[in-house]
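With these hints in hand, go ahead and build the complete structure from the sequences.
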Amino acid sequence: MPQVQSTNQLKIAVAKGRVAKQTLKALKNAGYKLPDDPGRSLRISDQDKTIDMLFVKSADVPTYVELGVVDVGIVGKDVIDEKTYQIYELMDLQIGKCDLCLAAFSDFDYNKIPYLKIASKYPSQSYAFMKSKGIEGQVIPLEGSVELGPIVGLSDCIIDIVETGRTLKDNNLEVIESIKPISSRLIANKIKYKTNTEPIIKFMDTLKAQLITEVSA
Amino acid sequence: MPIAYSIDAFTRIDAITEIFKTVSKLYGYTSIIPGSITSYNDLTDFYPDALKRSVKYTGPDGNIYTVKSDPTHFVTQLASQNKRTGQVTQKYAYSTSKLNWKANSGKTVESLQCGIEIYDSKSILSEAEAIRVACKVLEQSGIGKIMIDLGNINFTEILLSSCKITNQDKSQLRALIDSKNLPELSDYMETLNLSDTQREAFSILPQLFGQPRPTINKAKELLLTEPAQKAIERIEALYNALTDYGLDPSSIKVDFSFTNSYSYYTDTIYKIYTADSGQVLAAGGRYDNAFGYGLSACGIALYLNEINEVIEMKQERKSSFYSKDFAIYYNNTDRKNAFKLSDLLREMGYVVTTNETASYSNSDIPADVEEVLKISDGQLEIMNQRMNTFSRSTFEQFIRKVEDQYAPSSIH
Chain A
1 MPQVQSTNQL
11 KIAVAKGRVA
21 KQTLKALKNA
31 GYKLPDDPGR
41 SLRISDQDKT
51 IDMLFVKSAD
61 VPTYVELGVV
71 DVGIVGKDVI
81 DEKTYQIYEL
91 MDLQIGKCDL
101 CLAAFSDFDY
111 NKIPYLKIAS
121 KYPSQSYAFM
131 KSKGIEGQVI
141 PLEGSVELGP
151 IVGLSDCIID
161 IVETGRTLKD
171 NNLEVIESIK
181 PISSRLIANK
191 IKYKTNTEPI
201 IKFMDTLKAQ
211 LITEVSA
Chain B
1 MPIAYSIDAF
11 TRIDAITEIF
21 KTVSKLYGYT
31 SIIPGSITSY
41 NDLTDFYPDA
51 LKRSVKYTGP
61 DGNIYTVKSD
71 PTHFVTQLAS
81 QNKRTGQVTQ
91 KYAYSTSKLN
101 WKANSGKTVE
111 SLQCGIEIYD
121 SKSILSEAEA
131 IRVACKVLEQ
141 SGIGKIMIDL
151 GNINFTEILL
161 SSCKITNQDK
171 SQLRALIDSK
181 NLPELSDYME
191 TLNLSDTQRE
201 AFSILPQLFG
211 QPRPTINKAK
221 ELLLTEPAQK
231 AIERIEALYN
241 ALTDYGLDPS
251 SIKVDFSFTN
261 SYSYYTDTIY
271 KIYTADSGQV
281 LAAGGRYDNA
291 FGYGLSACGI
301 ALYLNEINEV
311 IEMKQERKSS
321 FYSKDFAIYY
331 NNTDRKNAFK
341 LSDLLREMGY
351 VVTTNETASY
361 SNSDIPADVE
371 EVLKISDGQL
381 EIMNQRMNTF
391 SRSTFEQFIR
401 KVEDQYAPSS
411 IH
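Residue numbers (the working numbering), protein chains in the order written: chain A, 1 to 217; chain B, 1 to 412.
What you were told as hints is all true, and nothing was included just to trick you.
Quick list of in silico lysine-lysine cross-link-like pairs, PhoX-like style, CA-CA up to 25 angstroms:
1. Lys-102/B / Lys-121/A
2. Lys-145/B / Lys-194/A
3. Lys-52/B / Lys-83/A
4. Lys-83/A / Lys-107/B
5. Lys-180/A / Lys-170/B
6. Lys-170/B / Lys-133/A
7. Lys-136/B / Lys-194/A
8. Lys-314/B / Lys-145/B
9. Lys-131/A / Lys-52/B
10. Lys-131/A / Lys-102/B
11. Lys-170/B / Lys-218/B
12. Lys-107/B / Lys-131/A
13. Lys-194/A / Lys-314/B
14. Lys-131/A / Lys-170/B
15. Lys-57/A / Lys-25/A
16. Lys-121/A / Lys-107/B
17. Lys-83/A / Lys-102/B
18. Lys-49/A / Lys-314/B
19. Lys-56/B / Lys-83/A
20. Lys-230/B / Lys-220/B
21. Lys-202/A / Lys-145/B
22. Lys-52/B / Lys-121/A
23. Lys-194/A / Lys-218/B
24. Lys-57/A / Lys-33/A
25. Lys-57/A / Lys-107/B
26. Lys-202/A / Lys-253/B
27. Lys-145/B / Lys-49/A
28. Lys-194/A / Lys-220/B
29. Lys-133/A / Lys-52/B
30. Lys-253/B / Lys-194/A
31. Lys-170/B / Lys-83/A
32. Lys-49/A / Lys-21/A
33. Lys-57/A / Lys-102/B
34. Lys-218/B / Lys-202/A
Which stretches of chain B does chain A cover? Using the computed rule of at least three CB atoms under 8 angstroms from a CB of chain A, they are:
35. 177-188
36. 269-282
A few chain A positions that, by computed beta-carbon distances, are all more than 10 angstroms from chain B:
37. Lys-21
38. Ala-30
39. Asp-37
40. Leu-42
Source of the hints: derived by calculation from the structure; they are not laboratory data.
Just so it is clear, CB atoms sit at the ideal spot from N, CA and C, and this is done for glycine as well.
What follows is the structure, given as structure tokens:
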């Protein structure tokens, strides 16, 4: 049973999709009385009214948190690192695990390409990767289906998150280099963390206990 | 990006600015208007963040300038000039707008701020006064549940300076401490050559915040050098001064994890916010020898757009936000009387508008007028929008009543 006070309901923004599903599962396992499937609802509360969850587009989670619309948010590290947000990054939740990877056709070698073109949903992190490797080139920002980049000749390679690698394989691409591991993080508004500290800390403790239980199981 | 989106927002911001001018004047601050253009070179040595966020242009002289980057530089320059003419402990108040490039939206945003700066005073009481003035302005603007965060960037900086690590590693540590990112901080420290004491201190820093007394005591338990102990003492002294000023001790918190990642502060820093919102409403700190002018200095800036948003959200002051005291409606035959009455009221300090119309409906009346006067057959029909009352009166009776009972309530 979670220890969060119902008088101080905690507002949480969660990235829709896989992260939301895994978060719901983890919170239910931790004792929160939440529906099995929220369906198309964008906002749900637990039966005890201790938490108020908003399901938003992953890229919007840090904005909701930064502006204080919610106290905390759960979103992938890939989203957090793409822009500069004034937020606290409190916990690695060990869910939504994947890798940010450079992928291309199997014969690809970026050292042989004088001016590299990378298609990516993550331009900032792609430029950071190029800088760290001393690579000259450009990033072509795409919103989705980045795998098409090398296929249609738009780019030499892509930088994207890879979970199973199946989409890459289906498009004859493969991981050339894993740039960094990604997982979902608990983030907090800097002021809400000070003014609503107790519920946030208790929520963190509940999640931590749940993580320990899962790891040791 | 516009600085405000509606007449209501401009009215509220104007009202807050007026409150700021009144309060700062009562505390002995001289009102000034900061210049908009600063030489880029004047800022870069002391304020590298200007490189990233300011709007710049190259002048006909080939020099680079920043536009509305930071009013503090201008005020410090002014204080430096005045010091040469013998002025001591200078106190300035300003209101201005600032241009900042926001990385997240990829746009340059113009925001409004008021601020006070105090020069040639090393006393912690100057910082306490700056915070007190800011809190007064917020209170009088209708902001409730005000909270104050106190920190001292020296605390972290002294710990960092004792580590034999690269500047890049120091920047990374600052960023991780700033974001209270304990898991990554722990991982990153594993890659650095740090002593156990240093490692322990950095691990505790992000969690070293909360109520002043216990947090300060916890900080004192760390094995610290003398300068770090002094940084704690400065926070303690500031907390004591603020409580002597009558601020509620439970509204004050201490956070030792503040770092100097972005600005020119050199010692104590403070942030003011409200429990009703997730945004900082005012922030400041001590910035001795800033921009190389050799002055001890401290100050605080109030972020008017953010304050306006909180007031708008709560709509606490909406009912009292009348920008006009009277709107006089008249037809052509009563025009002379209407003009005479409006002049009389203005001489008494009221904000009055006149409208030539034979008839009007309630929907024609602007919401920001407190009292509507309709001249009809030499008499007045009086509708008070605040009290929701209606009455009739002669001119003489009305003027006498105004003289006896009323005081201007509009924001002017």
